[in-house]
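J.: Here's the letter readout for the chains.
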Amino acid sequence: MIRLSLFRKKKPETLDRRPFDLLCITVAVVLGVHAPHLPWWLTLSLAAMLGLRWWQRRQKQARAPSYFKLPLVALLCGAVVFHYNTLFGREPGAALMAGLLVLKLLETETPRDARVGAAFACFALMSALLFDQGLVATILVALGLLPAIATLRALQPARPPTTLPRELLPALGLLALSVPVAIVAFLFVPRLSSPLWGAPTPEQTRSGLSDDMSPGNFSQVLLDDRPAMRVTFNGTPPPNAQRYFRAYVMWTYDGHTWNRQDDNRPPSQIEYGPAVQYTITLEATGQRALPALDVPIKAPDDASLGPDWELRADHPINDPFTYRLSSSPIYHLQAELTERDRRRALQLPAGFDPKALALGRRWRTQYGADDMAIIQAAMNLFHDDGFSYTLAPPPLGSNAIDDFLFGTRRGFCEHYASSFTVLMRAAGIPARVVTGYQGGYWNTLGNYLLVRQSDAHAWGEVWLPHRGWVRFDPTAAVRPERVSLGSSAADAASTDWAPNRWLLGWRNHWDIVNRWWNQGVIGFDTLRQHGLLTPFGVHDTSVGTLGLLLAVGGSLFAALGLLWAMWNRPDTDQARAAMQQLEKRLAAVGVARRHSEGPQHFFSRAARALPSQRDELEHLMRTYLELRYAYEEPPADLLKNFRQAARDFRPRRVVK
Amino acid sequence: MQEALRRFRMWAERRLPALTRYRRPESLPIVLHRRRIYIVPTGFGMAFTVLLLVMLMGALNYTNNAALMLTCLLGSTTSASMLVAFRSLNGLRLANVRQGQAIAGEPMVVQLVFTGGDHAHASIHVEFDEHVEAFAVAAQGETVVSMNLPTEHRGWQPLPRIKLWSNWPLGLFHAWSWIYPDQSVLVWPRPEHGGPAPVIPGEDGKQKRVHQGEDIAALRAYRAGDPQRHIAWKHSARHANLLVKDFEQPEAQEEWRLDWRQLSHLVPEARISRLARWLGEAEAVGRPTSLWLPSEDISLGHGRSHYAHCMNALARLP
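These protein sequence lines are chains V and D, in that order. Residues in the first sequence are numbered from 0 upward in steps of one, following numbering that gives the first Met the number 0. Residues in the second sequence are numbered from 0 upward in steps of one, following numbering that gives the first Met the number 0.
Same shape as in the complex, but just chain V:
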């Protein structure tokens, strides 16, 4: 804000209206792309200030009073500190940057100010991508470069006058021309092996699955249409009813919430049948859980399997992450249950849900040792006793399971999984809750399975002797469509918020572009770089090799660009071209045509200098003069004659 005027030599020129308008547009775009993560009141007041300043300079040609600036900067810093409690970090930094950019406009009066503003705006645009690097956001930000470039261009004097929208066209052309070089640079820029400074903290409010579950807390997730992950299968995909992706296994229940506990034991024993191979691209979650199809056999690199066959990454997933897996839908999980695990799987909080516990105990006495009969009784309860599936369940009291089972009877997967597991435990059957995703949309165009956040699901696992942990999905008993068609289909009958089919279909198809972007661009890392070069016989992808490739690619494009810059349209006047050829040859033997020397004079001088070729030269002169001056439109054969003669003419050096 405070400018050093030490090195200023000349009196500053004033800024024209056009570049100022363009700069205002640039700043407006910056505000727009940052708006989603700025507090709304800051965005609104900055936008108002921007509009006021634009109006003031346009209508009144006035400067903003200088005593305004420092208090405004102080106010901005105060507002940021007030909202975020700090000035540092990603969000406060972005807020401060957007604010300073708008304040910079207040003192923008010279071309230099506008230049600094435009450059700063480029930086601010780029920083918006730290928050969201989706395809649409990236394209919006790239388009935001247009007014910035147009501002810089409009600062040059004596440019062809155009309208404001047309100012953007040359900028677009320039950007489009640079795309090939940008792609080469993007492909070959060596990536850092480890960050130079701390990576940003993940967004805490990111929705999605979490490592605890209480009835009702999924309702936000289930309404979230954003993609959670995309799965491609090698070979045929499993049927819909087998598409259970486990993320968290939860053992402990405190009467309200299910929790998972970190457990560093190795995976329990397993027997499995034929496996299906697939690749998952997971959207950023900020968590370590990696959903995997029931049940993963082997952990990929950078991840490990927990004792309950949950897959956990070594680091939180802050960027889209791709991993390859194989899973077997047929398995015997933990055929022997240790005493400690059995106790954990039967644990129930004291003093909660007396009616549900009584029901479980009654089933046990009623069916004796037949676990399957008890499970069937629970399923029948859900299926026949007037339970319904809804994404907007009524609230539950402190005895949540009792309220649900004997009161409201309306809920979604969390309610069913939770109460089923409690009933099983009450009946003395080891049971636990598993959360993850179920189902998904099969994109026929791209041959992959799109799993949305709204496909989040919870189900129960029951331990049976000799069979190990077996999956039971009580939600399927209430509403089979949930498993066969998905949560929105299951909910469609009960509420009216379901998006119309056409829109959903369109979004499902559009997702193929997002997938391509996530896999091809966002997920392009050192490994992919390596994979890209291996087919070309480059196995060493060190910084040096990449630098060399970058230099070679850059030089290639530089050569192309130079060709473009230096290319001059060939002379369309063939007679003149032939004449120039003649002049060059005659100049080589010492008869150079002088400036302002007519052709007749030149040819006669040449004939005097080369007496042996006098006839030829006189013929050339006559043809040329006739060609030039005799006709409005010279006949083609005359031109041909002259060009032929000019081509064949070789001056013989005079021996003096």
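Bear in mind the hints are in silico, worked out from the structure with no lab data behind them. Here a beta-carbon is modelled for each residue, glycine too, at the ideal position from N, C-alpha and C. The reader is advised that the hints may include incorrect statements.
[As the list claims (entries may be wrong)] 25 Å max Cα-Cα, derived SDA-like pairs, lysine to any residue:
#	chain 1	residue 1	chain 2	residue 2
1	D	162	V	594
2	V	639	V	617
3	V	639	V	592
4	V	103	D	57
5	V	583	D	23
6	V	103	D	33
7	V	583	D	57
8	D	162	V	564
9	V	583	D	104
10	V	103	D	285
11	D	162	V	627
12	V	103	D	45
13	D	162	V	111
14	D	162	V	639
15	V	583	D	95
16	V	103	D	35
17	V	103	D	52
18	V	103	D	23
19	V	639	V	627
[As the list claims (entries may be wrong)] Label pairs and their computed distance ranges (CB to CB):
#	chain 1	residue 1	chain 2	residue 2	range
20	D	45	V	546	20 to 30 Å
21	V	115	D	10	32 to 42 Å
22	D	10	V	136	35 to 45 Å
23	D	5	V	115	48 to 58 Å
24	D	42	V	84	33 to 43 Å
25	D	45	V	159	25 to 35 Å
26	V	182	D	137	27 to 37 Å
27	V	66	D	10	45 to 55 Å
28	V	637	D	151	47 to 57 Å
29	V	557	D	45	12 to 22 Å
30	D	151	V	608	35 to 45 Å
31	V	613	D	5	52 to 62 Å
32	D	10	V	84	56 to 66 Å
33	V	549	D	42	56 to 66 Å
[Stated by the list, open to error] Taking beta-carbon pairs under 8 Å as the criterion, some of the chain V residues facing chain D (in silico):
#	residue
34	57
35	139
36	142
37	343
Got chain V; can you put chain D on it based on the hints?
T.: What follows is chain D alone, placed relative to chain V:
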């Protein structure tokens, strides 16, 4: 600082003749091409490059590929703008130089006629001695740029070395070329300040009579719109129509035969400036003059072109 820079440049030009290859005078037309166009980043270009590097480090550090792509895009746009800067000068042609008229010590308007190549040339600056003028040339078009050339002495003055430069399109790169047209402009001599009127031998009496009867020096027929008090009533009485006393050009018909040889008591430069003053005075009132010079004998005449002819002859004197 400025002075040191200038001295350094002079030294560099002396020591590095390759740099000055195109700085010798050359004949028109002068076409700019790749071997005489130089490019360096501007200060803003340097700062912008640093900004790009910061963006690159940020994108790589956060392994944010979208930001990396944006940075690459901006970087390659920057490089492409270098080619555009080069292209804006490439093919530009100084086709002609037209000189104006100026006496020594006053700036002379010199018109540079530029013609475009096969593409438009936007935002070109022509600069010499701190004077900067911006212009644009359309493809195959023609643009005339006027510049004020300061003059000092009469006679032929060569055109200075002229810098053509452009920061087009984004102000990130500075492309420039020197042109040194092999052209001189003719500067007229400076008239002296005050001095005697020319002595015209043998015509003293005639001149006196003219001065005595100044008010009736000329009578002419009445034209509509002549003021009433100018009418010569006495003379009109003897004629059929009204006569009007003409005060406007009382000495118009008097001619000055200016001669170099008459001023033999002065040094040549003083003679020239006196003759220039007389010519100027005669031109101001429309008096016919003739001029004899050792190199040239200009017969009687008047008007702007005659004046220019005489002044050119004076300017060309050794």
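J.: With reference to the structure, classify each hint as holding or not holding.
T.: A quick look at each hint next to the structure:
| no. | hint | result |
| --- | --- | --- |
| 1 | 162(D) - 594(V) | holds (24 Å) |
| 2 | 639(V) - 617(V) | holds (17 Å) |
| 3 | 639(V) - 592(V) | holds (23 Å) |
| 4 | 103(V) - 57(D) | holds (23 Å) |
| 5 | 583(V) - 23(D) | holds (23 Å) |
| 6 | 103(V) - 33(D) | violated (40 Å) |
| 7 | 583(V) - 57(D) | violated (57 Å) |
| 8 | 162(D) - 564(V) | holds (21 Å) |
| 9 | 583(V) - 104(D) | violated (44 Å) |
| 10 | 103(V) - 285(D) | violated (62 Å) |
| 11 | 162(D) - 627(V) | violated (37 Å) |
| 12 | 103(V) - 45(D) | holds (21 Å) |
| 13 | 162(D) - 111(V) | holds (23 Å) |
| 14 | 162(D) - 639(V) | violated (43 Å) |
| 15 | 583(V) - 95(D) | holds (23 Å) |
| 16 | 103(V) - 35(D) | violated (40 Å) |
| 17 | 103(V) - 52(D) | holds (23 Å) |
| 18 | 103(V) - 23(D) | violated (47 Å) |
| 19 | 639(V) - 627(V) | holds (13 Å) |
| 20 | 45(D) - 546(V): 20 to 30 Å | holds (22 Å) |
| 21 | 115(V) - 10(D): 32 to 42 Å | holds (35 Å) |
| 22 | 10(D) - 136(V): 35 to 45 Å | violated (55 Å) |
| 23 | 5(D) - 115(V): 48 to 58 Å | violated (29 Å) |
| 24 | 42(D) - 84(V): 33 to 43 Å | holds (39 Å) |
| 25 | 45(D) - 159(V): 25 to 35 Å | holds (28 Å) |
| 26 | 182(V) - 137(D): 27 to 37 Å | holds (34 Å) |
| 27 | 66(V) - 10(D): 45 to 55 Å | holds (49 Å) |
| 28 | 637(V) - 151(D): 47 to 57 Å | holds (55 Å) |
| 29 | 557(V) - 45(D): 12 to 22 Å | holds (20 Å) |
| 30 | 151(D) - 608(V): 35 to 45 Å | holds (43 Å) |
| 31 | 613(V) - 5(D): 52 to 62 Å | holds (56 Å) |
| 32 | 10(D) - 84(V): 56 to 66 Å | holds (60 Å) |
| 33 | 549(V) - 42(D): 56 to 66 Å | violated (27 Å) |
| 34 | 57 | violated (23 Å) |
| 35 | 139 | violated (11 Å) |
| 36 | 142 | violated (11 Å) |
| 37 | 343 | violated (39 Å) |
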